[in-house]
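**Student:** Listed below, chain by chain, are the residues.
Number of protein chains: 2
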Amino acid sequence: MITIAVDCMGGDVGPVVTMPAAEAFLAGHPQARLLLVGRAEDLHAWSRLTGHERCTVVPASEVVDMSDPIEVALRRKKDSSMRVAVQQVKDGHAQAAVSAGNTGALMAISRYLLKTLDGIERPAIATQMPNARGGATTVLDLGANVDCSAEHLLQFAVMGSALVAAVTGRDDPSVGLLNVGEEVIKGSDVIKQAGQLLRHAAAAGDLNFHGNVEGNDIFKGTTDIVVCDGFVGNVALKASEGVASMIGGFIREEFTRGLWRKLAAVVAMPVLNAIRQRADHRVYNGAALLGLQGLVFKSHGSADAFAFEQALARAYDAASRGLLDNVRQRIARAQPLLSPETTISERGGIPTI
Amino acid sequence: MITIAVDCMGGDVGPVVTMPAAEAFLAGHPQARLLLVGRAEDLHAWSRLTGHERCTVVPASEVVDMSDPIEVALRRKKDSSMRVAVQQVKDGHAQAAVSAGNTGALMAISRYLLKTLDGIERPAIATQMPNARGGATTVLDLGANVDCSAEHLLQFAVMGSALVAAVTGRDDPSVGLLNVGEEVIKGSDVIKQAGQLLRHAAAAGDLNFHGNVEGNDIFKGTTDIVVCDGFVGNVALKASEGVASMIGGFIREEFTRGLWRKLAAVVAMPVLNAIRQRADHRVYNGAALLGLQGLVFKSHGSADAFAFEQALARAYDAASRGLLDNVRQRIARAQPLLSPETTISERGGIPTI
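One line per chain: the protein sequences are A and B, in this order.
With my numbering, the residue at position 318 of the first sequence is 381, and numbering never jumps.
With my numbering, the residue at position 267 of the second sequence is 330, and numbering never jumps.
Hints are not guaranteed to be accurate.
Copies of the same chain look alike in the list, so a pair counts if it fits in one copy or across any two.
Claimed, not checked - Under the rule of at most 25 Å between Cα atoms (straight-line distance), these lysine-lysine pairs were calculated in the PhoX-like manner:
#1 K141 x K153
#2 K283 x K249
#3 K249 x K140
#4 K153 x K140
#5 K255 x K283
#6 K178 x K140
#7 K141 x K178
#8 K178 x K153
#9 K249 x K178
Keep in mind that the hints were calculated from the coordinates and are not lab data.
Predicted model only: the values in this text are computed from it and were never measured.
Please take these sequences and the hints and turn them into a complete structure.
**Tutor:** As structure tokens, then:
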């Protein structure tokens, strides 16, 4: 049995999405249990779910708003559904927590309650993006860290490898370093230093480092994992969503321009649906907060029930496949590269290992 | 009459693309003259063009390869078609140069020969990306500068405004600062400082600053211009191309799966073509190298004749609409914000203007 703590109040609309998603998830996962965290008065309308034999309601009197500053979420709302959900992981009552709430608040609360793993300075947010190979590319960081050192990027590579290994069962997923060109000499100083650290890690057998990749490689599926700082990752993710949404809009507009085109749309409907399914970002909903002493997953705030169900499934898979142990082991293995004695200092020294 | 110097040897295939593009361009622009720069023996096969009354062949014995390091392009190949084309602008024989060659080499040669404008420390590369409003968003920098200070971002904003004003005729295009959120408190220190400088410039009437924008705003068309450092801009551009290309691949695959779907494709063909046209990045080919004492435009290396023709047209429009003077005037106007006394130093001081 795997138990997931669900922040039922999180996201743009709260229980209206999270409760139907939880119900669908339970039906598809007979080995799962859920802790439904939220205001009892808001949850009891879903009595079929709250009364389910594999569900327990855990009351929490407050809700973190999407616009709450981190300090408010962390210090003022100590009985928020988000915090109580993460607390379930900390107390060992759940193997993972899932929330569609405010990302900054979720990261701050998770970091405060769970603490980072030994050897990790900064947790990262990892998500999957669909690629042309029919699979998904795991990208991190997605916005937890706007400024990153070379060591942070190495830590992201190690954590990303653990995530993909745990989820896919393949032991040696490939890692690309996001850059403005494939050549080793390209990029900023931090990126060049990160490239050296990653090559050292690969030489030591700790990582399967492919080399530099470019923005389009995320969607080509050149590597299993793409590592970047949170600023770049966030822009790449949102720009990609922007393009997909623009093209989707073009398709809708062009297929509804006049009667003849609407008829063409009817004929083409099964094909258009197949295309929509392949580019459906909802399937990839559920970003992992990596580097913490516990599993926390973040759903898009605007997720619908189908998308939120995917985030629950992702958390379930990660917990049942031992993601946390996998991250711990890989970080421990890579520790010599990450420890202060051998890291590249601001002064520019390169470890000679 | 506007004269454009064309690096006919540049790009993945050289004259096979550039010469037909030049011919089509001339036919559509009766007020244009072209200087065709390249190896005479390679160009003479296009005798109808080389003999055109509005064309002059300018011989250049060497070609900068796509893989040439910048030093080779700059110091060893002094008679390259790229360099000779830029030299035509420097010598006043042409109002703009266009090349599809190696970006780094083109920037280095342009900077070396033309020098930067007063008040500009670093030239930037600006391109247009299609947006959902049916127009285009101008984004800079696209890769000339992987590390940028807040002042550089302000300079990019001023130059981008000049570009859009010159090309569209609208005097007050809006500028967005690319960030990981709309709130003023978001982003790295450099971005927050840049936000302050941009607000100062807006208060002084030098800029129409909208505020922070996110990656998806590029494609929503929230602002006319989006400013970012070259690393982020390059990743955003390539990630966007990657998504568009992946979705294009999905559409092709799904519409060719079996006989019935191929028939559906025939019915839907006019609509599919309309969609393709609206998302056709070739229309936006031709990035401006801004901040130099002369106009230089960069075409994609893989441009086909249609795309290269668009780059020629873009250079022609910029030259005929006085882009260079517009940039000069706006930079001079914003000079108090850009001059050493008032810029934010590395020590972190904020001008109190």
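**Student:** Would you mind marking each hint as holding or not holding in the structure?
**Tutor:** Now the hints, each set against the structure:
1. With identical chains, the CA atoms of K141 and K153 are at most 25 Å apart within one copy only, with a shortest distance of 15 Å there and 67 Å across copies.
2. Only within a single protomer do K283 and K249 lie at most 25 Å apart by alpha-carbon distance; the minimum there is 21 Å, versus 30 Å between protomers.
3. Taking identical chains as interchangeable, the C-alpha atoms of K249 and K140 lie at most 25 Å apart only when they sit on different chains, with a minimum of 22 Å there against 46 Å within one chain.
4. Taking the closest pair of Cα atoms, K153 and K140 come within 25 Å of each other only inside a single copy of the chain (18 Å); across copies the shortest separation is 65 Å, beyond that limit.
5. For a Cα distance limit of 25 Å, the shortest separation of K255 from K283 inside one copy, 23 Å, qualifies, whereas the shortest one across copies, 33 Å, does not.
6. With identical chains, the CA atoms of K178 and K140 are at most 25 Å apart within one copy only, with a shortest distance of 19 Å there and 57 Å across copies.
7. Only within a single protomer do K141 and K178 lie at most 25 Å apart by alpha-carbon distance; the minimum there is 17 Å, versus 59 Å between protomers.
8. For the identical chains of this complex, K178 and K153 are intra-copy neighbours only, at 9 Å inside a copy versus 60 Å across copies, given an alpha-carbon limit of 25 Å.
9. Within a single copy, K249 and K178 get their C-alpha atoms only as close as 35 Å, which misses the 25 Å cut-off; across copies the closest is 24 Å, which meets it.
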